[in-house]
Structure formats: C-alpha cells, structure tokens
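J.: Read off the chains here:
Number of protein chains: 2
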Amino acid sequence: MRCPHCHRPIVVYKGPSPTVDIIIEIEGKIVLIERKNPPYGWALPGGFVDYGESYEQAALREALEETGLEVSDLRQFHTYSDPSRDARQHTASTVFIGKAGGRPVAGDDAGRVELFDEGSLPSLAFDHARILADYYAAKKSRQHGAADPIHPSS
Amino acid sequence: MRCPHCHRPIVVYKGPSPTVDIIIEIEGKIVLIERKNPPYGWALPGGFVDYGESYEQAALREALEETGLEVSDLRQFHTYSDPSRDARQHTASTVFIGKAGGRPVAGDDAGRVELFDEGSLPSLAFDHARILADYYAAKKSRQHGAADPIHPSS
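Chains as they are written, first to last, in the working numbering: chain A, 1 to 154; chain B, 1 to 154.
Think of the hints as simulated: they come from the structure by calculation, not from any bench. Watch out, some of these pointers could steer you wrong.
A partial selection of chain A residues facing chain B, derived with a Cβ cut-off under 7 Å [what the hints assert, rightly or not]:
{"#": "1", "residue": "Val12"}
{"#": "2", "residue": "Pro16"}
{"#": "3", "residue": "Ser17"}
{"#": "4", "residue": "Pro18"}
{"#": "5", "residue": "Phe48"}
{"#": "6", "residue": "Gly52"}
{"#": "7", "residue": "Tyr55"}
{"#": "8", "residue": "Ser81"}
{"#": "9", "residue": "Thr94"}
Calculated cross-link-like contacts (lysine-lysine; reagent style DSSO-like; alpha-carbon spacing at most 30 Å) [stated by the list, open to error]:
{"#": "10", "chain 1": "A", "residue 1": "Lys139", "chain 2": "B", "residue 2": "Lys139"}
{"#": "11", "chain 1": "A", "residue 1": "Lys14", "chain 2": "B", "residue 2": "Lys14"}
{"#": "12", "chain 1": "B", "residue 1": "Lys14", "chain 2": "A", "residue 2": "Lys36"}
{"#": "13", "chain 1": "A", "residue 1": "Lys99", "chain 2": "A", "residue 2": "Lys140"}
{"#": "14", "chain 1": "B", "residue 1": "Lys36", "chain 2": "A", "residue 2": "Lys14"}
Quick reminder that beta carbons are idealized off the backbone N, C-alpha and C, glycines included.
If we strip away everything but chain A, and leave its shape as in the complex, we get (with noise of 0.2 Å):
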C-alpha cells in the first residue's frame, strides 16, 4: 500500500483476512441474504472478524446484524481458505451452524433476507454452494446413523 500522505509505497504484513458465516436452521431451513453489494447474489450471513473478537462472537454479531435473529447452540462446522474463494482479496472463512427462532429481518449490508431449502437454493456468490453441499452432506451423513460431529468444547 501507499501512504495517504506522502504516496510513498509500505509494506504491510498482511494474511489472508479471517472472516465468519453462519449456517442458520429455523425450522429445518436455511438463512440467505440477498447482497447490496458486489459480488451480487445470495450468500450466507457473515463478515469479516474484528480486533479483539472471537470468531464465535464475530459469528453471532454478524447474525445479529445482517437478519436481526439471536443465534443460539452455535458451533463450527469448518474452516474454507482457498485464495480464489473471493476474487476480490484473499478472505478465509470459518462457518458456524446455528439455531433461531422467528422471522429473519435484513439489516446492513443485505437487501433481501429469505428462508431456503436444500431443494429451492438461490444462485449463491462466492464458494457458499460448496459451503452448502458440504453441510448437506453431512447432515445425511449424521441422518444415516453416524454420531454427530466431535467438537471441542468451547
């Protein structure tokens, strides 16, 4: 990057940025919002974590924010890191599952805020298909007689 004020180049030690979303189940669906901005398309709630946030509490913050629903038996689901997931910069995303109950509300960043079903899944921006077909994998995997998930606790 450049300085504001002087324009002369810096070099800034920068990782990929660490970002959140939330899978959230209302009655056997799913929460999409519709984005404001680019890249267009439904996506799953999130955001980037701030400073001196927890990814948890980023995840419930985000919720919070973009669908006004309080998320509650939240836990991580996986880690998505690929530099080509968003071609915008390199963001790495850690996908929490959630529970809430009500009507979803868009706020911030979102347009339009809807209820989906594996069978009725919007075109969706960034890798958040793959991020889908991941969890409804392993909720059949679960259905069909495996135990659920081990998670540390937290």
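Following the hints, put chain B in place on chain A, whose structure we already have.
T.: Okay, now just chain B, sitting in the frame of chain A:
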C-alpha cells in the same frame, strides 16, 4: 501505525492474524517443538498463514519447515480465536491433525523437537494445553463408539 517515511498516522484495517498449528501423529505419539523465541516453552508446530496460501498448504509447509516431516491424512480439527490466547497480539489458530512417519528434525523456530504421549506432556505455550486436552478428549470419544467426526471434502 505510522508511515516510515513521513511518520504521519495511517489507518490499516487489521483483523486477527490467521495462524495454523498441526498435531502430527507418529506411532501414537505427537510431535512438539521447543520454542527458540518468546513465548518460550513447548508448542505444536505451526505459524502464520501467508497471503495467497490455503490453511492446508500453510499447515503442510510449517510442519515441513519446523520438523522436517511430510504430513499426510491432513484434516481440520478446530479454530481457536480467543483474543487472549497469544499475549503479543490477536492471533487465531486453525488446528489440523495429520500423520507422519520417521523421525522429526528441528528446523526454523524450533530448539528441540520431540515425541510425547498424553501422560508425559511438557509445559506448553499459548493455549496449546487446552488444544491438546480437546484433542485427547475427542480421540477418546471416538474410541468409545462414536463415529469419526464428519468433515467436508477438501
């Protein structure tokens, strides 16, 4: 931060810095390194993720750099992001589990590298004692009849 040329203040967006740590299994034991730099103590092999590198690539790279081991069967375990887990700055570690054979050799940031089993763990830096407690608890849970954790394809 301040510009190194004109010394005027600059605002740089900064989230937590993503890191990876790897639990490398060798014949029922795990590999730990003794840190040459503060915070001193023993730790899982690991380090900062580079921009443009997936977390999986970072885990394999750090394992090789710090222990000389080629890790196989890499899978994600959990991401630890509590802001107090590293006193120097807010880092968030995505922890992986993998397997290796042969004998580890200390490299890079490592003073010594040794194999440990659960009953003989040394004093650990960061939150690595908690990470390993979670790891051994998950392992026992699997041994007592629960199925393997469900992991998305990667």
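J.: Provide an ascending list of the numbers of those earlier hints which the structure does not satisfy.
T.: Result: no hint breaks.
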